[in-house]
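Chemist: Here's the letter readout for the chains.
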Amino acid sequence: MTTSTGSTTAAAPVTTPSRSVRSAKPRGPRTWVAGALANTVTAVIGVLFLVPLLWVVFAAFNADAGLKLSWPGSGFSLDNFRAVMTPETTYRPMWNGLVLCVSSSAIAMVVATLAAYPLSRFETRYKRPFLLTILFSTGLPITAIMVPVYGLFVQLNLVDTLSGTIAFMATTALPIAIFLMKNFMDGVPITLEEAAWTDGASSMQTLRHVVLPLMWPGLSVVLIFTFIGQWGNFFIPFVLLLSPDQLPASVSIFTFFGQYGSVQWGQLAAYSVLYTLPVVLLYLLLSRRLGGAFTFGGALKG
Amino acid sequence: MATITRPSPGAPAGGELRRRTHPVRVDIARALPLTPAVLLLLVFLAGPILWCVYAAFTNIALTGAGSGDTQFVGLANFREAFSSKDFANSVVLTLVFTVLSAVVGQNLLGLALALLQKRAAPVVRALVGATVIGAWVIPEVVAGYLWYAFLAQDGTLNEIIGGLGLSQNWLYTLPIVAVSLANVWRGTAFSMLVYNAALSEIPAEIEEAAEMDGATGWGRLRHVTIPMIRRTVTTNLMLITLQTLSVFGLIYTMTKGGPGTKSQTLPLYMYEQAFSFSQIGYGTAIALVLLVVGAVFSLVYMRLLREDG
Numbered sequence: 001m002t003t004s005t006g007s008t009t010a011a012a013p014v015t016t017p018s019r020s021v022r023s024a025k026p027r028g029p030r031t032w033v034a035g036a037l038a039n040t041v042t043a044v045i046g047v048l049f050l051v052p053l054l055w056v057v058f059a060a061f062n063a064d065a066g067l068k069l070s071w072p073g074s075g076f077s078l079d080n081f082r083a084v085m086t087p088e089t090t091y092r093p094m095w096n097g098l099v100l101c102v103s104s105s106a107i108a109m110v111v112a113t114l115a116a117y118p119l120s121r122f123e124t125r126y127k128r129p130f131l132l133t134i135l136f137s138t139g140l141p142i143t144a145i146m147v148p149v150y151g152l153f154v155q156l157n158l159v160d161t162l163s164g165t166i167a168f169m170a171t172t173a174l175p176i177a178i179f180l181m182k183n184f185m186d187g188v189p190i191t192l193e194e195a196a197w198t199d200g201a202s203s204m205q206t207l208r209h210v211v212l213p214l215m216w217p218g219l220s221v222v223l224i225f226t227f228i229g230q231w232g233n234f235f236i237p238f239v240l241l242l243s244p245d246q247l248p249a250s251v252s253i254f255t256f257f258g259q260y261g262s263v264q265w266g267q268l269a270a271y272s273v274l275y276t277l278p279v280v281l282l283y284l285l286l287s288r289r290l291g292g293a294f295t296f297g298g299a300l301k302g
Numbered sequence: 001m002a003t004i005t006r007p008s009p010g011a012p013a014g015g016e017l018r019r020r021t022h023p024v025r026v027d028i029a030r031a032l033p034l035t036p037a038v039l040l041l042l043v044f045l046a047g048p049i050l051w052c053v054y055a056a057f058t059n060i061a062l063t064g065a066g067s068g069d070t071q072f073v074g075l076a077n078f079r080e081a082f083s084s085k086d087f088a089n090s091v092v093l094t095l096v097f098t099v100l101s102a103v104v105g106q107n108l109l110g111l112a113l114a115l116l117q118k119r120a121a122p123v124v125r126a127l128v129g130a131t132v133i134g135a136w137v138i139p140e141v142v143a144g145y146l147w148y149a150f151l152a153q154d155g156t157l158n159e160i161i162g163g164l165g166l167s168q169n170w171l172y173t174l175p176i177v178a179v180s181l182a183n184v185w186r187g188t189a190f191s192m193l194v195y196n197a198a199l200s201e202i203p204a205e206i207e208e209a210a211e212m213d214g215a216t217g218w219g220r221l222r223h224v225t226i227p228m229i230r231r232t233v234t235t236n237l238m239l240i241t242l243q244t245l246s247v248f249g250l251i252y253t254m255t256k257g258g259p260g261t262k263s264q265t266l267p268l269y270m271y272e273q274a275f276s277f278s279q280i281g282y283g284t285a286i287a288l289v290l291l292v293v294g295a296v297f298s299l300v301y302m303r304l305l306r307e308d309g
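If you read the protein sequences in the order shown, they are chains H and Z.
Using my numbering, read the first sequence as starting at 1 and increasing by one per residue.
Using my numbering, read the second sequence as starting at 1 and increasing by one per residue.
The hints are simulated quantities; they were obtained by calculation from the structure and are not laboratory data.
The model shown is predicted, which means the values in this text are computed figures rather than measured ones.
Do not rely on the hints blindly, as some may be mistaken.
[As the list claims (entries may be wrong)] Partial pick of chain H residues on the chain Z-facing surface, computed with a CB cut under 10 Å:
id: 1; residue: K68
id: 2; residue: T172
id: 3; residue: G232
[As the list claims (entries may be wrong)] Simulated coverage check for chain H against chain Z, where a stretch passes if three residues somewhere in it have a Cβ under 8 Å from a Cβ of chain Z:
id: 4; segment: 34-48
id: 5; segment: 53-59
id: 6; segment: 83-92
id: 7; segment: 135-145
id: 8; segment: 149-157
id: 9; segment: 233-244
id: 10; segment: 271-278
Heads up, the beta-carbon is just placed ideally off N, CA and C, and yes, glycines get one too.
Can you build the whole structure from these sequences, using the hints too?
Modeler: This is the structure:
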């Protein structure tokens, strides 16, 4: 990690790994056995990961689903989906979740982009301490801050307000977003901007029309990262929101089905599928546009 | 962390010179886009942390008997915590959970998957990669329910091993192992992606040279591959440890910390004390302990990144 590799690390997330490694190797019986072994072990691990996941899919389409993994077969029906797709159970929590998630991700993205630009482009004596503070706060356990945040929200009268929750959720996403965004921005060569500056463009115009269009793979990585984190976030809305009609999907799934008495497991599974779908779709959409290889390994190393 | 310790590659050359020549108002204008970020971070991150440091030394309660009558109690909250059996229990459980699920589980399984994927056929690699990442993308509450269903008395695991006579409700008999397993399942994708990236940067010639010299698979792994990705290993360990320290939703949906307090890690203990028992002062003291542990890990992590340069 020297300075000269700054641009390559920022570009790393879009490159497909390990093509060169699998170059011309002698193909003897030993490598064949090794290959078969690797395939088998990988597949076995894959199956172990798949089995718990299958339950939710099978149970969702099974009218009388239990906790056991079983093929719906003759019990196949969409009754579970019909039962949960009501305003109180699905539509409102999903809408609330969407409002929370989209607004906080949008705020985090805009604020992080604005902050990353001067950090990437200019040298001031405050830059290093600021970046170190940002890096430090990416490591703080947000869970631990929830008790003091609740205390603070009580005193500011922000408990059970959407705006307060959105602002806090956006803030928790900020440190890592700024950090990743700055690294991706470092990968955009400055020469193009200097041309735009000479033509009289302001730095904000340059950011919008020159820099951002050149770093959309980086932007999508940060967006996926932020959005998935917010959509799945349980603890923040669980603590900060109280009224049932404001709760997002992540919390209402828990309050609707949380008491393990006579749970309708099929309905819970159907609801889980509906709640999981948006992030999976977003992930597929963006990772496909990134060439199928979504890693942020390069950005992680700085 | 070269980008922090040295001028970033994208920055204009001769920044030193420009700093001295341009007037202060240019500095201010350039720092202007930072204001929203600074404001949000001050109000919603630095604010709560400072409040935490204050409240941990008081008997503050937001509702009930003690509210409105907040007093400084010195180290009483910490003395109470360090002499409490439940606190000690949750510290031990947090350690077990972190070592079992992050340091051993996610880390080793992620590395193994990354190594195996290099040798596996493209189809196997793509399918298994997608499944593992799928487990990572789904929300943690859903993951909690999935694993509840998998491990419960009449769940899938007992169905599979039914013939062996080992059938039991794993969430009652081995709660901390059960939640650790679920966390391995959910978090391995992160380590896998990190190691995938690191392994792809090892030049092919080095491994081929080792192979020519007759190094066995294990020898190559121990003496060539691992030393070359050593820094990635430490970085990854720090990051997944920090993530695992703050896991709440997964454990809460699976066991609520129970049975009794048998899977009550620090975040769940803190939640119970602060919100179920309304002891905000005591809860913030525990939060402060968690924050300090997180801060130490975070500092070590920054240190490692800097040496990277």
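Chemist: Hints first: check each against the structure and report whether it holds.
Modeler: Hint check results:
1. K68: holds, 5 Å
2. T172: Interface hint status for H/T172: holds (8 Å vs cutoff 10 Å).
3. G232: holds, 4 Å
4. 34-48: Holds: 9 residues of the segment 34-48 of chain H have a Cβ under 8 Å from chain Z.
5. 53-59: Three-residue rule met by the segment 53-59 of chain H, so holds; n is 4.
6. 83-92: It is violated, with 0 qualifying residues against the three required.
7. 135-145: Result for this restraint: holds, n = 11.
8. 149-157: holds (count 5)
9. 233-244: Holds, because 4 residues of the segment 233-244 of chain H bring their Cβ atoms closer than 8 Å to Cβ atoms of chain Z.
10. 271-278: holds (count 3)
In this structure, only the earlier hint numbered 6 is contradicted, and the remaining ones agree with it.
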